[in-house]
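Numbering (my numbering), first residue to last: 40 to 244.
Just so you know, the hints here were simulated from the structure itself, not pulled from any lab data. Careful: at least some of the hints might be erroneous.
As the list claims (entries may be wrong) - Straight-line distance between alpha carbons at most 27 Å, and here's what the computed DSSO-like set of lysine-lysine pairs gives:
no., residue 1, residue 2
1, Lys164, Lys101
2, Lys43, Lys234
3, Lys196, Lys244
4, Lys196, Lys164
Stated by the list, open to error - What follows is a list of derived Cβ distance ranges for each label pair:
no., residue 1, residue 2, range
5, Gly54, Tyr100, 22 to 30 Å
6, Pro81, Pro204, 16 to 24 Å
7, Pro142, Gly54, 37 to 45 Å
C-beta: ideal position from N, C-alpha, C; glycine also.
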Amino acid sequence: MGKKTYISLVLDRSGSMKSCRDATLKGINEQISTIRKDAEEPGSDTFVSYYTFNGHVEPKYKCRPVNFLDDITEYEIGGNTAIYDAMGTAIMDLQRETDHNSPDNAYLVIFASDGHEYPHGCSKKFTARSVAKLVSECQDTERWTFTYLGANQDLGKVAAELNIPIGNMANYSSDMKGAAVAFAQNSRQLDSYLKLRKRGVSQLK
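Using the sequences and the hints, build the whole thing.
Next comes the structure, spelled out in structure tokens:
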């Protein structure tokens, strides 16, 4: 069996994302373009899941092979921010739908949001504590990598709350320019991750 890489893109679509909607859509498609380009070179089979969330979490697709990836054209904005439900759902779906105990499998989960849980208690299935526990358990396997793009947030506080390594996080201003810069930087980091994955690396912190 060869190496398999599972990537989940988890994107906030709450009402506050309106100010950077177009740049965010472009940025997510840059991530997809980077994944497709990497797949042209042998070394690892890659599968992608894509979620959007506001007060509800919506899986657009799960574990889709790279050759079936299309650019995203629909990205409707509005509603609250159930960020813990989004994070927990994306992680547990990967655990449930893949052989997450296989040493050949590695996981990259990319969260992008411009805010905190809003209103408080909006998430119904997960809490900050339960998500942090999931993240820690996954990272302990040394085969999971979590990244977080957060607009106008105290990333030190978010890192401590959710157990995501601060080195895997980036802050940006929630406007067109800020979102464009953040997603462009993340595309470069994604490209680096995928290249290292072909060399056998399973986790980055």
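Do the hints match the structure? See the list:
For the proposed pair Lys164 and Lys101, the alpha carbon gap of about 19 Å is at most 27 Å, so the pair holds. Among the hinted pairs, Lys43 with Lys234 is consistent with the structure: their alpha-carbon atoms are about 13 Å apart, no more than 27 Å. Distance hint between Lys196 and Lys244 is fulfilled; the C-alpha atoms sit about 17 Å from each other, no more than 27 Å. The hinted pair formed by Lys196 and Lys164 meets the criterion: a straight-line CA distance of about 22 Å does not exceed 27 Å.
With their beta carbons about 24 Å apart, Gly54 and Tyr100 fall inside the hinted range of 22 to 30 Å. The hinted range of 16 to 24 Å is not satisfied by Pro81 and Pro204, whose Cβ atoms lie roughly 29 Å apart. Separated by about 42 Å at the C-beta atoms, Pro142 and Gly54 satisfy the suggested range of 37 to 45 Å.
Hint check: a violation occurs at hint 6 only; the rest are consistent with the structure.
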